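Chemist: Take a look at the letters that make up each chain.
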Amino acid sequence: MALQSLDVQRRSATSTASPQARKTLEVAKLIDVSRCIGCKACQSACMEWNDLRDEVGVNEGFYTNPKDLSDQSWTLMRFYEENIEGSLQWLILKDGCLHCTEPGCLKACPAPGAIVQFTNGLVDFHQENCIGCGYCISGCPFNIPRLSKHDNKAYKCTLCSDRVSVGLEPACIKTCPTQALSFGSKEDMLAQAEHRLDDLRERGFTKAAVYDPQGVGGTHVVFVLPHGDQPEKYGLPKDPHLGPLLSVWRSWVSRSLGVFTMFAVVVAGVFHYMKVGPLEEPKDDPPAPPSPPRKEA
Amino acid sequence: MATTEKDLRTPAAVGHGEEQPLLRRYPEWERLVHWGVAIAYIFLFLSGLALFHPFFFWTAALFGGGPLLRILHPFLGVTLALLFYPYAAQLWRDNLMTPTDWRWTRHAFDYMNKRYENPPDTGKYNGGQKLMYWSMVAVIAVLVTTGVLIWQPYFAPAFSATTRKAAAVLHAISAFIMFVGIGIHVYAGFWTKGSFRAMTRGTVTRGWARLHYPGWYRQMTGKEP
Chain C
1 MALQSLDVQR RSATSTASPQ ARKTLEVAKL IDVSRCIGCK ACQSACMEWN
51 DLRDEVGVNE GFYTNPKDLS DQSWTLMRFY EENIEGSLQW LILKDGCLHC
101 TEPGCLKACP APGAIVQFTN GLVDFHQENC IGCGYCISGC PFNIPRLSKH
151 DNKAYKCTLC SDRVSVGLEP ACIKTCPTQA LSFGSKEDML AQAEHRLDDL
201 RERGFTKAAV YDPQGVGGTH VVFVLPHGDQ PEKYGLPKDP HLGPLLSVWR
251 SWVSRSLGVF TMFAVVVAGV FHYMKVGPLE EPKDDPPAPP SPPRKEA
Chain A
298 MATTEKDLRT PAAVGHGEEQ PLLRRYPEWE RLVHWGVAIA YIFLFLSGLA
348 LFHPFFFWTA ALFGGGPLLR ILHPFLGVTL ALLFYPYAAQ LWRDNLMTPT
398 DWRWTRHAFD YMNKRYENPP DTGKYNGGQK LMYWSMVAVI AVLVTTGVLI
448 WQPYFAPAFS ATTRKAAAVL HAISAFIMFV GIGIHVYAGF WTKGSFRAMT
498 RGTVTRGWAR LHYPGWYRQM TGKEP
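For the protein sequence lines, the chains are C and A, in the order given. Going by the numbering used here, the letters in the first sequence line up with residues 1 to 297, in that order. Going by the numbering used here, the letters in the second sequence line up with residues 298 to 522, in that order.
Bound conformation, chain C alone (with noise of 0.2 Å):
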């Protein structure tokens, strides 16, 4: 997409503002897990709205189906069966990109453009730029791009940027028979959120929480978790963060260091030469021996 009519937060690998003329509301997408029957309707949804067909796989032997993401399915039911407190817990999660505001996937990126972030929040891939070195990958805190087999591209959810972009909703919310799905700005899906715990406390659930991790500087996917004090057991890390690694590798300040000192180099060596002028190669032997014979070592 080109980028005259979206509204662009920052770009990978480009140390220019990006083009952001306009601010966008930002959004965010509520997943109620406690509502979700995990019918996979919106798996459908996002398969039919981008056109996506994975291959057809084999049974598990459990209900989530496919087995994982990839380049054909963005979002994705996983099914857990947790003992939570003594009791046996079938546990539901729609799976997917979680558009973070500081994004490992974008902070990864070597290529110049394949990751943007729309002022609105989304996170969007622009495969176009994609070189397919799976940095992405190893930058997302929640394992989420996935590289495509065929063309060495990286894909994930794009929470439909296309549809967000002219008004609509996405495709997964539009789709979501039970309303475990909401789409609107940032605020009022907290806000909406703060009430489904209300509710959620009110049945015996005191340990609801919102999972809107902040070591990402907070996600635009937010979810309501029954058992909030455990979001591992919905296979959510419990405590998301870019790490440190990643800032090292990545880190501007670093990498800048290191071409500078690299320049550094060649101009030493430029000096170098100026200020003390080359080991010039010295006569021959003074005596000129006629022919000397050569002794092997």
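Heads up, some of the hints might be wrong.
As the list claims (entries may be wrong) - Keeping only pairs whose Cα atoms sit at most 30 Å apart, straight-line, the calculated BS3-like set for lysine-lysine is: (1) A:Lys411 / C:Lys275; (2) C:Lys153 / C:Lys67; (3) C:Lys283 / A:Lys421.
Stated by the list, open to error - Over the 12 Å line for every Cβ pair with chain C, so calculated as not near, a few chain A residues: (4) Glu325; (5) Val330; (6) Phe372; (7) Val375; (8) Thr376; (9) Thr395; (10) Thr402; (11) Leu428; (12) Ser432; (13) Ala438.
Keep in mind that the hints were calculated from the coordinates and are not lab data. All of these numbers come straight from a predicted model, not from anything done at the bench. We treat Cβ as the ideally placed atom computed from N, Cα and C, and that holds for glycine.
Model the placement of chain A on the given structure of chain C, informed by the hints.
Modeler: Chain A alone, transformed into the frame defined by chain C:
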């Protein structure tokens, strides 16, 4: 080391104009492999820079764009390693550090300022060259290993994100060390007149050998330097 009529054949014809025969320093295979490694390094470095810092992403154009650059870079790396290690295996004995060499390294700064001469028992290489040799042996090993860990799409999926991040950091640090090392190496060759000829045509003058590598000179000519 095989010697030969060949390298002594026509000293006048190679334009030195001296009566004294030249000494052969690097045989043909060594020069060819050395420049093979050098060319692989140039391409590796140019392509790696694009991935290292967006300031250099333009080098992707030299490789037919970002995706092709990403595909080519690791294969170039394997090519370099396949050329370098058999070559290095032939040279390790000549590169063992001696007390003289350690003394040289302590005077490296003086040497750069022409205040220190290579000691009389300097062999085929001086201390700086030997350290360069061993650092390249180590750094290329790290680059190849970490490079495999982040090689998409063949090997990287087998390793965890943490492993890949750590590998990428080590890869960048090693590449940086390699650049600085190679930078010093190239400059030293340019600075030390007569060296470039050694690695292009294989021969050096006796005066050059006597000044820089007295021990090697003695070994080659049977004369005291």
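Chemist: In ascending order, which of the hints set out earlier in this document are inconsistent with the structure?
Modeler: none
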